[in-house]
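Asks: Join the two chains, each given in its own frame, into one complex according to the hints.
Residue numbers (the numbering used here), protein chains in the order written: chain A, 1 to 117; chain B, 118 to 194.
Treat the hints as calculated values from the structure; they're not laboratory data.
These figures come from a predicted structure and were not determined experimentally.
All C-beta atoms, glycine included, are put in the ideal place defined by N, C-alpha and C.
Mixed in with the good hints there might be a few duds.
[Said to hold, decoys possible] Partial list, derived from the structure: chain A residues whose beta carbon lies under 7 Å from chain B:
{"no.": "1", "residue": "P70"}
{"no.": "2", "residue": "G83"}
{"no.": "3", "residue": "D86"}
{"no.": "4", "residue": "I87"}
[To be verified] Not close to chain B: a few residues of chain A, all C-beta gaps over 10 Å, as computed:
{"no.": "5", "residue": "N16"}
{"no.": "6", "residue": "K59"}
{"no.": "7", "residue": "L101"}
{"no.": "8", "residue": "G107"}
{"no.": "9", "residue": "Q108"}
[Stated by the list, open to error] Rough simulated footprint, nothing fancy, chain A against chain B, three-plus residues with beta-carbon under 8 Å:
{"no.": "10", "segment": "167-174"}
{"no.": "11", "segment": "181-188"}
Each chain is listed here by its residues.
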Amino acid sequence: MADPIREEIEREVAANKILVYGKGTKDQPRCGFTLETIEFFNRFGYPFEVIDVLENVPKRSALSEMTDWPTLPKVFIAGKFYGDTDILGPMAEQGELEPILADTFGGQRPAAVVKLH
Amino acid sequence: MIDEATLAGLLRRSIPDAQVQVFDLTGTMDHLRVSVRSRAFAGASLLDRHRMVEAALREARADGRIHALEIRTEVLE
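For reference, chain B alone in the conformation it holds in the complex (with noise of 0.2 Å):
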C-alpha cells in the first residue's frame, strides 16, 4: 500500500518535472495505475519510458508497496 504523494515523491526524485495522477484499481492501493507525463519522455521510446518510471518506483516494487502496476506516459509539452 502506497498513497498518491508518497508515490508522486518518489517519481519526481528522478523525474522532476512529473505530472502524476494513479487510479487504485482494487481499493487496496497495490494494484494500481499510474498516468505519468514529462518533458523527460520527449524522444524516449514507450519502453524506455516505462523503464524510467519502473526504476523510479524500484524500492516501493522491492519492498512490496506496490503489488501490480500499469503505466500510462504522455509527453509534456
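Okay, chain A solo, but in the shape it has when bound (with noise of 0.2 Å):
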C-alpha cells in the first residue's frame, strides 16, 4: 500500500536537483551542520532547495528508512543520496562533485558566474 509520507518525499526528491534535508530553513538553520550544508553549496552556486523536517518526526523516519541513514541533513543530488557534508566534502575535494553537478544542471554554469548583462 502506498505510503503518503514516502510519496511526499519522492515527489520533493524528483521536484529538487539538490536537496537538503535538514533542521531549520535556509534562512533560519537551526543545526550547525544544516547551516554547513547550506554554506557548502552557496559555493557553487547552484540554485537548491532546504526542507525543515526537525519537528516531523514521522517524516524523518521515513527519511531514515528510505536511505539507511540516521542523521541530518540528507541531501539528495539528481533524485540519489549522498548522505552529507561528511560525504560530500571528500568528494569536491577529489574532483568527483563538480561534475555530477555540471551533469545535473545540464552544463548550465552556476547562476553566481553567469553574467546577464
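Replies: What follows is the structure in C-alpha cells.
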C-alpha cells in the first residue's frame, strides 16, 4: 500500500535537483550541520532547496528508513542520496562533485558566475 | 558526553581493527569529530563506511552521549 509520507518525499526529491532535508530553513538553519550544508552549496552557486523536517518525526523516520542513514541533514542530488557534507566534502576535494553538479544542471553554469548583461 | 576509550570500544565491537582518533569540537565531549582507520573500509563506498561507523555508535547516539558527530574514514593498508 502506498505510504503518503514516502510519496511526498519521492515527489520532493524528483522536483529538486539539489535537495537538503535539514533542521531549519535556508534563512534560519537550526543546526550547525544544516548551516554547514547550506554554506557548502552556496559556494557552488547552483540552486538548491532546503526542506525543514526538524519537527516532523514521521517524515524523519521515513527518510532514515529510505536512505539507511540515521542523521540530518540528508542531501539528494538528481534523485540520488549522497549523505551529508562528510561525504560531499571529500568528493569535492577529489574533484568528483563538480562534474555531477554540472551534469545535473545540463551543463548550465552556476547562477553566481552567469553574467546577465 | 563520552570518553575516547568508550567510543573506541563501541567502534571495535563491530570494526575490530579500528584505529580511532577523537576530536572534541566544543570542549563538552558530545560534539565530536571521529577519525576511523580500518581494513574493513576497503571496497566500501564513503556512504557505507559512514553507515558502518554510525551503526557501531548507534546506542551512544540514541542515549545522547554523542550529540553531533563528524566522521572521517580511511582504509588501513
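Asks: With reference to the structure, classify each hint as holding or not holding.
Replies: To see whether the hints hold, each was checked on the structure:
Using the Cβ-Cβ criterion of 7 Å, the hint placing P70 (chain A) at the interface with chain B is satisfied: the shortest such distance is roughly 6 Å. Here the hint on G83 (chain A) is kept, as its CB sits about 5 Å from the closest CB of chain B, short of 7 Å. Checking D86 (chain A) against chain B by beta carbon gives a least distance of about 5 Å; that is within 7 Å, so the hint holds. The criterion of a C-beta within 7 Å of any C-beta in chain B is met by I87 (chain A), whose closest approach is roughly 5 Å, and the hint holds.
The claim that N16 (chain A) is not at the interface with chain B holds, since no C-beta of that chain comes within 10 Å of its own (minimum 20 Å). Chain B leaves K59 (chain A) outside its interface by the beta-carbon criterion, the shortest separation being 19 Å against a cut-off of 10 Å. Residue placement check: L101 (chain A) keeps its beta carbon more than 10 Å from all beta carbons of chain B (closest about 17 Å). No beta-carbon of chain B comes within 10 Å of the beta-carbon of G107 (chain A); the shortest separation is about 26 Å.
Q108 (chain A), annotated as away from the interface, keeps every beta carbon of chain B farther than 10 Å; the closest lies near 27 Å. Residue count for the segment 167-174 of chain B with a Cβ under 8 Å from a Cβ of chain A: 3. That meets the three needed, and the coverage hint holds. Under the rule that three or more residues need a Cβ within less than 8 Å of chain A, the assignment of the segment 181-188 of chain B holds, with 4 such residues.
Of the numbered hints given earlier, the model fails none.
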